[in-house]
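Protein chains in written order, with the numbering used here: chain A, 1 to 215; chain B, 1 to 216.
Any given hint might turn out to be false.
[Stated by the list, open to error] Below 27 Å or equal to it, Euclidean Cα-Cα: the simulated DSS-like pairs (lysine-lysine) are:
no.: 1; chain 1: B; residue 1: 13; chain 2: B; residue 2: 136
no.: 2; chain 1: B; residue 1: 120; chain 2: A; residue 2: 57
no.: 3; chain 1: A; residue 1: 129; chain 2: B; residue 2: 155
no.: 4; chain 1: B; residue 1: 215; chain 2: B; residue 2: 149
no.: 5; chain 1: B; residue 1: 120; chain 2: B; residue 2: 149
no.: 6; chain 1: A; residue 1: 70; chain 2: A; residue 2: 129
no.: 7; chain 1: A; residue 1: 70; chain 2: B; residue 2: 120
no.: 8; chain 1: A; residue 1: 61; chain 2: B; residue 2: 120
no.: 9; chain 1: B; residue 1: 120; chain 2: A; residue 2: 81
no.: 10; chain 1: B; residue 1: 136; chain 2: B; residue 2: 155
no.: 11; chain 1: A; residue 1: 137; chain 2: B; residue 2: 182
no.: 12; chain 1: A; residue 1: 137; chain 2: B; residue 2: 155
no.: 13; chain 1: B; residue 1: 215; chain 2: B; residue 2: 182
no.: 14; chain 1: B; residue 1: 136; chain 2: B; residue 2: 215
no.: 15; chain 1: B; residue 1: 13; chain 2: A; residue 2: 137
no.: 16; chain 1: B; residue 1: 155; chain 2: B; residue 2: 182
no.: 17; chain 1: B; residue 1: 13; chain 2: B; residue 2: 40
no.: 18; chain 1: B; residue 1: 13; chain 2: A; residue 2: 129
no.: 19; chain 1: B; residue 1: 120; chain 2: B; residue 2: 13
It should be emphasised that the hints constitute simulated quantities derived from the structure, not laboratory data.
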Amino acid sequence: MKAVSVEEAVAMIPSGASVMVGGFMGVGTPERLLDELVRQNKTGLSLICNDAATPGKGVGKLFDATLVSKLTATHIGLNPKVQQQMLGNQISVDLVPQGTFVERIRAGGCGLGGVLTPTGVGTLVAEGKRQIEVDGKPFLLETAIRAQFALIHAFLADYLGNLAYALTARNFNPIMAMAADTVIVAAEHIVPVGVIAPDHVVTPAPLVDYIIANG
Amino acid sequence: MDPQIIIARRVAKELRQGNLVNLGIGIPTLVANYVPSDLKVFFQSENGLIGTGPIPEQGMAHPLLTDAGGRPISALPGAATFDSAMSFGLIRGGHVDVTVLGGLQVDAHGLLANWMIPGKMVPGMGGAMDLVSGAKRVIVAMQHAAKGKSKIVAKCTLPLTSARPVNLVVTDMAVIGFPDGKATLLETAPGISIGEVLAVTEAELAIPDTVPEMKI
Numbered sequence: 001m002k003a004v005s006v007e008e009a010v011a012m013i014p015s016g017a018s019v020m021v022g023g024f025m026g027v028g029t030p031e032r033l034l035d036e037l038v039r040q041n042k043t044g045l046s047l048i049c050n051d052a053a054t055p056g057k058g059v060g061k062l063f064d065a066t067l068v069s070k071l072t073a074t075h076i077g078l079n080p081k082v083q084q085q086m087l088g089n090q091i092s093v094d095l096v097p098q099g100t101f102v103e104r105i106r107a108g109g110c111g112l113g114g115v116l117t118p119t120g121v122g123t124l125v126a127e128g129k130r131q132i133e134v135d136g137k138p139f140l141l142e143t144a145i146r147a148q149f150a151l152i153h154a155f156l157a158d159y160l161g162n163l164a165y166a167l168t169a170r171n172f173n174p175i176m177a178m179a180a181d182t183v184i185v186a187a188e189h190i191v192p193v194g195v196i197a198p199d200h201v202v203t204p205a206p207l208v209d210y211i212i213a214n215g
Numbered sequence: 001m002d003p004q005i006i007i008a009r010r011v012a013k014e015l016r017q018g019n020l021v022n023l024g025i026g027i028p029t030l031v032a033n034y035v036p037s038d039l040k041v042f043f044q045s046e047n048g049l050i051g052t053g054p055i056p057e058q059g060m061a062h063p064l065l066t067d068a069g070g071r072p073i074s075a076l077p078g079a080a081t082f083d084s085a086m087s088f089g090l091i092r093g094g095h096v097d098v099t100v101l102g103g104l105q106v107d108a109h110g111l112l113a114n115w116m117i118p119g120k121m122v123p124g125m126g127g128a129m130d131l132v133s134g135a136k137r138v139i140v141a142m143q144h145a146a147k148g149k150s151k152i153v154a155k156c157t158l159p160l161t162s163a164r165p166v167n168l169v170v171t172d173m174a175v176i177g178f179p180d181g182k183a184t185l186l187e188t189a190p191g192i193s194i195g196e197v198l199a200v201t202e203a204e205l206a207i208p209d210t211v212p213e214m215k216i
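Can you make the complete structure from the sequences, with help from the hints?
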């Protein structure tokens with residue numbers, strides 16, 4: 001793990017990159033990294049995030065600045081700008097059931113080719129997918145998702161890069177921290193090694209590549 | 001009584017001691033207000049919490065503690081937090097006893113459509129497809145009709161949420177179940193006749209010999 005400035009961290013992300021961002025309706029989202037993506041005007045991003053948040057909040061800022069060309073998400077209903085950009089064919093949107101979304105990312109981070117889920121069988125979601133029977137029950141084969149970068153929000157990060165999360169800000173963060181080539185973390189608090197007890201470390205330090213240093 | 005409150009009060013009667021319950025956005029959220037105080041029910045918020053509590057007092061909200069709509073909530077004593085894989089493992093794995101969702105259409109066989117209107121509204125399915133596929137009991141809480149048009153239809157014209165039928169539909173006019181896969185009128189709302197229900201129900205409804213009035 002290396003501590004870097006937010007400017008250095010975002011400079012590593014090229015325009016057109018695939019980027020996973022933790023958070024659920026903007027809660028548990030690394031806002032400083034998103035603000036810097038906007039400032040450095042990284043365009044054509046392929047964004048993987050649970051939702052589109054709302055304009056001005058979380059990943060909503062990326063849509064305000066029209067930086068996203070492709071979105072994989074579960075829900076975009078609370079961001080009218082994304083709906084407009086989708087209906088105007090400015091972005092392509094792949095909508096995925098939330099349980100499938102997180103399992104596809106988990107598979108990507110755990111070396112699996114995909115997962116078998118009953119969710120979506122017999123619906124539009126099943127179109128173009130392989131259906132596989134196990135013990136007489138139908139499942140969809142949903143393939144793994146990975147990204148070039150994961151932008152993670154943690155509550156605590158220690159000097160080694162061990163992470164702990166808080167309340168409902170945990171959501172997709174520990175799953176995404178396993179599923180990208182480069183993992184960049186913005187933490188609410190940076191603390192000495194030992195403050196996070198071994199039993200309370202959720203994301204172990206070797207998974208973390210960069211932590212955004214304070215101010 | 002306000003139609004939404006009739007629905008919420010009736011759905012609350014379906015919850016049992018110790019149930020793990022997931023409430024969707026809209027009318028389903030109101031159900032929590034009508035659970036008797038002596039009934040211990042665990043409410044799950046799919047963004048990673050069991051033990052959701054009421055909206056905090058002014059100035060007491062925590063920015064990292066919210067419901068699935070991103071609004072501040074509180075956590076009750078004994079609450080537990082977890083990541084999204086765990087949250088949907090609970091949902092898909094059959095650990096959630098009851099899910100209450102809103103609906104756009106429910107058809108004569110209990111199939112639900114509630115996540116998009118092609119060409120008009122494409123919000124995404126969020127957690128709805130997993131909830132209907134995996135929860136032990138699925139209850140739809142919705143108005144019986146929208147702008148005079150029945151939401152209990154012969155066959156869903158909107159994209160389905162799941163191939164699995166729901167267990168119960170509670171509207172402002174009726175309670176409808178699906179014994180043997182056939183829509184059946186189980187109860188009518190106070191002051192509503194069977195004839196009035198049938199007049200605004202597109203799906204064919206089986207009518208048992210006795211149809212009691214909802215007790216709310």
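So, going through the hints one by one against the coordinates:
1. B/13 to B/136: holds (17 Å)
2. B/120 to A/57: Judged against 27 Å, a Cα distance of about 25 Å means the pair holds.
3. A/129 to B/155: This hinted pair holds, its Cα atoms lying about 25 Å apart.
4. B/215 to B/149: Given pair residue 215 of chain B, residue 149 of chain B holds - Cα atoms ~26 Å apart, limit 27 Å.
5. B/120 to B/149: holds (18 Å)
6. A/70 to A/129: holds (20 Å)
7. A/70 to B/120: holds (21 Å)
8. A/61 to B/120: Since the Cα atoms of residue 61 of chain A and residue 120 of chain B sit roughly 24 Å apart, the hinted pair holds (cutoff 27 Å).
9. B/120 to A/81: Since the Cα atoms of residue 120 of chain B and residue 81 of chain A sit roughly 15 Å apart, the hinted pair holds (cutoff 27 Å).
10. B/136 to B/155: At roughly 24 Å apart (the allowed maximum being 27 Å), residue 155 of chain B and residue 136 of chain B satisfy the hint.
11. A/137 to B/182: holds (23 Å)
12. A/137 to B/155: Given pair residue 137 of chain A, residue 155 of chain B holds - Cα atoms ~24 Å apart, limit 27 Å.
13. B/215 to B/182: Measuring from Cα to Cα gives roughly 23 Å; hence the hint holds.
14. B/136 to B/215: Distance ~24 Å between residue 136 of chain B and residue 215 of chain B Cα, so the pair holds.
15. B/13 to A/137: Roughly 32 Å between the alpha carbons, so the hint for residue 13 of chain B and residue 137 of chain A is violated.
16. B/155 to B/182: holds (12 Å)
17. B/13 to B/40: This hinted pair holds, its Cα atoms lying about 13 Å apart.
18. B/13 to A/129: The hint is violated at about 40 Å.
19. B/120 to B/13: violated (35 Å)
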